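Visitor: Residues per chain, in single letters:
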Amino acid sequence: MNATTPLLQVENLSIELPAGLDRKYAVENLSYTLNAGEILCVVGESGSGKSMTANAIMGLLPSYLKPSSGRILLKGRDLLAMSEAELARERGRTVSMIFQEPLSALNPLMTVGDQIAEVMLVHGEGDAASREQRVLELLDYVGLPDPASLRHSYPFRLSGGQRQRVMIAMALALEPAMLIADEPTTALDVTTQAQILDLIRRIQRAKGMGVLFITHDFGVVADIADKVVVMEKGLVVEQGTADEVLNRPKHPYTRRLIAAVPHPDENATRADADGDVLLEVRGLRKTYRSGGGLFTRPRIVKAVDDVSFTLRRGETLGVVGESGSGKSTLGRCILKLTDVDGGQILYRGKDIVPLSQAAFRPLRRHLQMVFQDPFASLNPRQTIGRILTDGPVANGMPLAEAEKKARELLSLVGLDPSAYDRYPHEFSGGQRQRVGIARALALDPELLVADESVSALDVSVQAQVLDLLQDLQKKLNIAVIFITHDLRVAAEVCDKIAVMYRGAIVEFGPPGEVFNAPRHAYTQQLIAAIPGRHWNPRAAVA
Amino acid sequence: MSFFRRYAQNIGALIGLAILAVVVFVALAAPILYPGSPWQGVAEPLLPPFEDPAYPLGTDLLGRDIAAGIAYGARVSLLIGIISTAVAVVIGVAIGALAGFYGGRVDDMLMRFTEFFQTIPAFAMAVVLVAIFSPNITSITLAIAVVSWPPVARLVRGEFLSLRSREFVQAAVVVGQTGPRIMATQILPNAISPIIVTASLMVATAILTESSLSFLGLGDRNMMSWGFMIGAARTMLREAWWLSVFPGLAILITVLAINLIGEGLNDAMNPHLRGRKG
Amino acid sequence: MKTLEFLIQRLVKAVIVVLGVVILNFLLIQLAPGDPASVLAGEAGAGDEQFIAQLRAQFGLDQPVYVQLWSYLQNILSGDLGYSYRNQVPVAQLIMERLPATLLLTGSAFIFSLILGVVLGVLAAYKRGSFGDSLIMTGALIFYATPLFWVALMAVLVFSIHLDLLPPFDMETIGANYTGWARVVDIAHHLVLPTVTLGLFFTAVYTRLTRASMLEVMNLDFVKTARAKGVPKGRIIRRHVLRNAILPVFTFASVQAGQLVGGAVLTETVFAWPGIGRLMFDALMQRDYPVLLGVFLVTAIVVVLVNLVTDLLYRFVDPRIETAR
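Protein chains in written order, with full-length UniProt numbering: chain Y, 1 to 542; chain C, 1 to 278; chain A, 1 to 325.
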């Protein structure tokens with residue numbers, strides 16, 4: 001390879017979709033170039049075809065998808081013209097790949113050391129002893145503790161971040177010239193994400209690798225990209241250097257995406273809500289027990305540990321935390337979807353903790369919930385109409401009245417009334433989430449618990465749903481508990497923020513205060529880990 | 001794509017359906033096709049097949065028409081297969097639904113009970129039950145049902161357990177629906193396709209079990225059945241092969257057809273699980 | 001170590017299951033119309049009440065049910081399985097004479113069907129969509145639908161009557177009095193047909209299960225990782241897919257081990273195999289209940305032991321088990 005040959009050239013690549021889908025190509029006429037020592041981010045929303053290009057490079061496309069035209073040149077050699085055996089020689093040696101979900105990407109029945117050594121084994125590299133030596137070096141290099149014993153661990157014993165480090169070690173084993181990272185931090189917590197991004201950048205610099213980084217998160221792009229390719233529905237709409245695309249986006253789609261990136265207005269102050277106290281939580285505790293037998297002690301996890309707060313009418317409380325912080329359990333406790341081990345939950349001054357399920361049922365209509373997954377939260381076998389009327393009917397409303405109300409609600413959440421007779425699978429994620437909101441509102445609740453209600457949505461849709469939620473809240477003067485892992489989103493929509501860590505609230509206050517003067521070390525860590533913190537998307541599209 | 005079009009894409013499933021239609025027709029039309037009793041000798045004994053067009057499958061030691069026996073046997077096989085499966089599915093769904101939905105101690109108890117039943121060899125248990133309660137169509141049907149419900153219970157429990165934690169079920173709790181209502185209107189409709197598929201395969205197994213029972217002489221003495229015909233012809237294997245070959249083929253074809261239908265239903269109901277060719 | 005705790009838990013559970021089986025069958029038999037005394041008396045031609053009552057008292061049948069159950073349980077614990085009314089020998093002796101034949105038959109059928117089924121299933125999955133795949137799956141479909149006893153009869157018809165290759169009856173040549181190797185060969189010769197006919201249905205089950213499991217695992221993410229590492233297809237199948245796919249097959253096979261005993265009743269009937277399946281059936285027909293109960297007890301113990309051993313093996317093969325529970 002001479003100095004002018006780029007590491008990777010994708011030229012006019014088109015991949016045809018099977019007939020009968022809404023578009024003809026998964027990706028169409030795709031061209032971009034990656035040089036050694038560069039990080040190229042391919043960014044787009046779901047269905048943009050961004051992962052497809054990565055899989056095409058590795059020859060990992062499902063069998064019903066075939067590139068129909070174009071070339072993929074790796075160091076000047078066309079990968080699409082190679083046989084499966086030739087390709088297998090390149091994989092792992094010249095180009096490696098890491099994936100989104102590090103648990104399922106590792107073989108559950110093979111020790112992590114064996115899985116790393118296998119890369120070298122199948123490429124005929126070294127002997128058993130030298131491979132073993134290299135495995136330990138690699139584990140150490142990616143920052144895993146105690147390589148000698150970790151090497152014998154099975155993947156299920158490691159944390160999410162550790163697993164992704166193992167994947168990276170595996171990818172690095174033969175020092176490939178190029179690394180493909182397909183949403184490698186999407187399944188991880190923010191603080192872990194920051195560490196992994198840091199690691200990838202550090203390795204890339206040290207080894208002079210070219211990295212193709214697929215992501216949906218502009219914050220991540222701002223943190224690591226040298227060059228950016230923006231994709232929409234299989235087409236490249238804009239590409240350029242990170243500075244160009246992030247700070248001076250030209251294409252309207254890029255501008256729209258960037259405008260939708262949640263970004264707290266740090267100077268905004270909100271008037272203190274002065275409504276009546278609606279909900280008061282005092283010393284709430286919930287522990288989970290697992291395992292335990294004749295001779296072993298059960299493992300006890302304090303999911304919610306002495307949590308107290310008050311919530312007024314019309315107020316939004318953001319509960320922020322990483323996975324395992326207990327934030328979702330807190331929401332489930334308030335709705336009595338799970339038992340509580342101690343403390344009080346006073347709804348309008350009445351403790352609901354001691355109530356039986358049957359005694360609590362009449363009160364349920366006042367406390368509603370919007371769920372996380374727009375695909376799992378609607379019964380696939382019921383029409384939207386049935387979904388919306390089930391609640392009011394269960395609470396004694398005549399069916400005709402419930403029907404009328406459901407149709408009104410559909411227009412309130414911005415859906416066509418014809419949706420009434422259709423089934424959930426006919427709607428997009430954002431539309432389904434609107435149905436979920438309508439279902440909660442059908443009972444005229446006073447409190448809404450929104451558990452990660454926008455985190456499964458693409459950014460542009462996320463922004464719309466957030467707007468809708470805020471709008472409705474003002475209109476109906478309801479209190480909202482907004483549970484999220486994303487501090488940026490919470491800061492944008494909440495009056496107060498509670499940061500949870502290991503079951504306890506470690507920081508509580510208005511967003512400006514939490515953001516600008518975090519008191520607890522964990523909050524500081526969390527804020528430091530926010531991707532793209534130094535980039536202001538508002539300024540870019542102003 | 002509609003359910004029927006997906007089903008029709010599977011050629012094996014269509015063949016199965018066609019064969020089953022023929023079997024059902026023969027079963028229903030048996031009294032018209034062969035007005036006399038199938039136990040009645042009608043021709044000379046041990047007439048080989050394909051010789052006399054009036055008795056295409058030959059006759060047995062007592063001159064009974066094999067073809068008539070097979071036609072009447074279809075009635076018993078289908079009847080017992082369907083009813084015993086229905087009973088087993090009702091038991092299994094009830095136990096599985098309660099265990100899966102309520103979890104905890106209820107689940108523990110019901111599943112121990114189910115596991116216990118699975119430890120006992122099913123066929124041996126059926127033999128004992130039928131023998132003890134004297135062989136007749138009711139005891140045979142119930143015995144088959146009693147030994148076949150555990151897999152249904154486990155399946156339904158698994159489905160209920162995973163659906164119970166799904167968000168749309170949680171949503172139903174939050175809007176104030178009661179437990180039984182949630183089970184009936186939210187969970188069961190979503191668990192029904194694997195139940196239907198399992199049930200269709202269970203009909204096939206039940207027919208096999210029934211034939212095995214009557215082969216051992218534990219069939220209903222008043223009804224002609226395929227297993228009985230084979231059992232009675234066993235000692236004549238060397239002299240008159242057709243006595244056992246044709247009823248056996250009848251069982252094989254019927255069970256095969258039902259299995260094909262079951263697989264077709266499975267593919268049509270779970271399109272995402274179907275393997276892509278290639 | 002947790003394995004010890006696990007073992008104790010499982011042993012307790014096993015004992016409860018076995019006890020449950022015994023009690024259930026004991027109560028079931030009480031429901032049967034007509035008791036052994038009247039059957040024996042009827043056969044002896046002496047129908048008079050006094051003789052029957054005398055027989056009842058002799059066998060303890062005049063006691064209340066719970067007393068009979070209690071004394072039966074006590075006897076079992078001391079190793080006494082009762083006395084066969086009909087054969088006039090202790091039940092334990094009767095079962096021990098017959099058990100090896102059944103263990104030989106079901107054991108070889110189990111191994112035969114598991115090995116053949118897994119091999120065929122792996123082949124079908126590996127060559128998926130090919131002619132070989134279709135052939136294997138069609139075969140599996142047919143044997144899955146064929147009554148066991150009929151396969152047995154057809155095998156006798158073809159291989160014994162027409163081709164005269166294999167013996168149709170018994171476990172060894174009667175009156176030949178072979179010893180040593182000659183006897184082993186003779187038994188093996190007799191074993192072929194029963195093993196194959198009993199095993200074919202289960203082979204079909206395992207073939208289908210293995211293929212489905214393989215295809216499922218092939219779609220998992222870590223297989224994609226292996227491809228991305230440059231692992232060749234053959235090695236992916238051997239090292240990554242096979243191990244993950246075969247665990248559910250083994251689990252299923254062990255749970256199903258008991259079902260082989262049910263099949264053995266039929267196979268032993270057709271082939272006049274001197275095992276406990278046939279013993280059970282004869283005892284049932286002759287209302288020789290102590291024998292029946294003894295057979296159920298022994299089968300339950302064997303099945304529970306098989307499951308226990310599988311669970312233990314599983315813990316060594318699958319590292320996730322220990323923490324999963």
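Rather than coming from a laboratory, the hints here were simulated on the basis of the structure.
Hints should not be assumed to be uniformly reliable.
Facing chain Y, from chain A, some residues (calculated, C-beta under 10 Å) [what the hints assert, rightly or not]: (1) Arg86; (2) Ile237; (3) Arg239; (4) Leu247; (5) Asp282; (6) Asp311; (7) Arg315.
Residues of chain C clear of chain Y, computed beta-carbon distances all greater than 12 Å [to be verified]: (8) Asn10; (9) Leu14; (10) Val23; (11) Leu46; (12) Pro53; (13) Met109; (14) Phe168; (15) Gln170; (16) Pro189; (17) Met223; (18) Glu239; (19) Trp241.
None of the values given here were measured: they were computed from a predicted structure.
Using N, Cα and C, we set each Cβ at its ideal position, and we do this for glycine too.
Visitor: Next step is simple, just say for each hint if it's right about the structure.
Guide: Hints and how they fare:
1. Arg86: violated (45 Å)
2. Ile237: violated (13 Å)
3. Arg239: holds (8 Å)
4. Leu247: holds (8 Å)
5. Asp282: Where the cut-off is 10 Å and the nearest Cβ of chain Y is about 43 Å from A:Asp282, the hint is violated.
6. Asp311: violated (15 Å)
7. Arg315: violated (13 Å)
8. Asn10: Holds, because the least Cβ-Cβ distance between C:Asn10 and chain Y comes to about 19 Å, which exceeds 12 Å.
9. Leu14: holds (22 Å)
10. Val23: It holds; C:Val23 is separated from chain Y by about 32 Å at its closest Cβ, greater than 12 Å.
11. Leu46: At about 58 Å from chain Y, C:Leu46 clears the 12 Å cut-off, so the statement holds.
12. Pro53: Consistent with the label, C:Pro53 stays out of reach of chain Y, its closest Cβ about 53 Å off (over 12 Å).
13. Met109: holds (19 Å)
14. Phe168: violated (4 Å)
15. Gln170: violated (6 Å)
16. Pro189: violated (4 Å)
17. Met223: holds (41 Å)
18. Glu239: Answer for C:Glu239: holds, closest chain Y Cβ roughly 56 Å.
19. Trp241: holds (48 Å)
In terms of the numbered hints stated before, the structure departs from hints 1, 2, 5, 6, 7, 14, 15, 16, listed from lowest to highest.
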